[in-house]
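Asker: Protein chains in written order, with the working numbering: chain C, 1 to 376; chain H, 1001 to 1296.
Calculated directly from the structure, the hints in this document are not laboratory data. Errors might be hidden in some of the hints.
As the list claims (entries may be wrong) - Which chain H residues face chain C? A few, computed with CB under 7 Å, are given here: (1) M1111; (2) L1163; (3) R1243; (4) G1248; (5) K1249; (6) M1251.
As the structure is a computational prediction, the values presented were derived from the model and not from experiment. Quick reminder that beta carbons are idealized off the backbone N, C-alpha and C, glycines included.
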Amino acid sequence: MKLHEYQAKELLASYGVPVPPGKIARTPEEAKAIANEYASLTVIKAQVHVGGRGKAGGVKLAKDGNDAFEKAQAILGMDIKGLTVKKVLVAKAVDIAKEYYCGLIHDRNVQSFTLMVSKEGGVDIEEVAATNPAAITRFAIDPIKGLRAFEARQIALDAGLEGNLNKIAAMMVGLWNACAGSDATLAEINPLVITTTGEVIAADAKIDIDDNAMYRHTDLEAFRETEAEHPLEVEAKAFGFSYVKLDGHIGVIGNGAGLVMTSLDVVSRVGGKAANFLDIGGGAKAEIVYNAVKLVCKDPDVKGILINIFGGITRADEVAKGVIRALEEGILNKPLAMRVAGTAVAEANELLKDKPINIYPTMMEAATAVVKEAAQ
Amino acid sequence: MSILINKNTKVLVQGITGREGAYHAEKMLEYGTQIVAGSTPGKGGQTLSLLGKTIPVYNSVSEAKAAHPDLDASIIFVPPPAAADATLEAAHAGIPLIVNIAEGMPVFDMMKVVKELKSLPNVRLIGGNCPGLITPGECKLGIMPASTFKAGRVGMISRSGTLTYEASAMLAAADIGCSTVVGIGGDPMIGTTFIDLLPMFNEDPNTDAVVMIGEIGGADEEQAAEWISKNMKKPVIAFISGRTAPKGKRMGHAGALIMGNVGTAESKLEAMAKANVPVADTMEDIIILTKKALGL
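Between the sequences and the hints, there should be enough to build the whole structure, so can you do that?
Answerer: Structure below.
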């Protein structure tokens, strides 16, 4: 789960990381009131789950309440990479002397988290990594011991950061504590600002929480915003499917992540493009398959459907029953090509034999047929 | 005829009194796997009757190990939040081979397990989020459907469960069997990966070739390619799933995620080409390339 900047800062603050005062506004009037309250220069920042807000015009300085009203009016409702801005963070501006980068990223190569620190702050760290990798100091954290202050101080020195060493190290340790304490998979402060008066402050932050660990962070559940997700993805989650909306026109349903991924590849190979990834999971019953077909049929982008099942724990006849129910209820209203193999395939074929459903012996043949039909 | 497990492997089932544990324990017994004990905290002293066999249940893995010192392996059927603990319990009780099938373990849990296991070099963990492993005709230590596997001389290592079943079934249809098939799991952090298993197949006198099924995400395939180019004496056939998946989207498996420029299919295909490992473009090609490698 991705957190908004203001949520990430709230979380960091609860671990003792200094952040600039800020509040959320959903209307220009609210923005004005907050700016008036701070009676200082403020930054109006779009809260959307995409990078590059600044470049898109989603971050603006406001000199007073009236200016904050105007800037918030310009940003609210703005479309940034397909997402509509529904709220802005109105934060007290900080007097920047230095801008640094400090981030924790789950790094499978070191089987832990890598702490990355750089003097090149306030910019896209991936760009720095690509153009000037030497500007980033890296440190693999022991997942059991965590990040200790003496290690953080050494990294700050190695990276050449200037400023109060103890405060900088405390911020890094605070970031680690927030990351480990909330099961984040990514936690970054960018920029980590040294102010003109020597304070160390997290001027922007980004945190992603591990969905698998949400069961032990029920407090963070309040941060979830289903409106930010694709409506079909929200519905799929309720059914327990692993579903990803894609930008093609062939709906793909299968069992097992690897098999579904391979099905997407095969659709591309024969000249089509998948509209979604949908894994019904292991041991799916007819009801689940029926719901999967129903969901995919709801997507207006879908011009044809490929169902690719290799029965292991999942029984092919259960899949057939689900598809037949969708067909008989008139829900299945798009061309379908199906391939079933493995456990209970004979029973499945028996159920499907008199039905107007096209069955193919291989996923390649099924994909070819549905891509051709969808093009018509 | 195998690596890691064979007809003599003595197995403990952790979580044997649960629905999944009991179901799969029975399926494994049916296949011929020697299940000698089970464990469930608080259910010690009970027995379970499976296929006419009486299986004793212990409160802990160490109790089970004390009663059955010849235990070689454990397979874990507990919910994801308890899986890390169950894995460490088995490791500290001295079980040399642990299979963890749980899907949905928190990253932090697995990170700590992997770190702690480094201090226990005699313990090998397979998974999580995997179907387990099978030496066809001898031992099934997992949840895979038995019928798709045929005994033979091809080793297989795969990040995907269903593709493992599919590839094995296609090989079997072409009359090619497998020595051992290992599903290593689809999570970003796993106990055993390609480079841990390739050396074992390389030394196994009963394996003639290895099929490795990789996918987008991480750099395990790249590391494997490098190892193969330097050390592998036997032919390897690779398959990479998710070639058309977009960046930044998790494709079902937690580990199937391209982050920035890391984990792309292009990088994996390039590494394989550099190591002279033939890559199958389709599942059908796996069979064609395997036949070619075996001189069939």
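Asker: All the hints need checking, so say for each whether the structure fits it.
Answerer: Hint check:
| no. | hint | result |
| --- | --- | --- |
| 1 | M1111 | 4 Å, holds |
| 2 | L1163 | 4 Å, holds |
| 3 | R1243 | 5 Å, holds |
| 4 | G1248 | 10 Å, violated |
| 5 | K1249 | 5 Å, holds |
| 6 | M1251 | 5 Å, holds |
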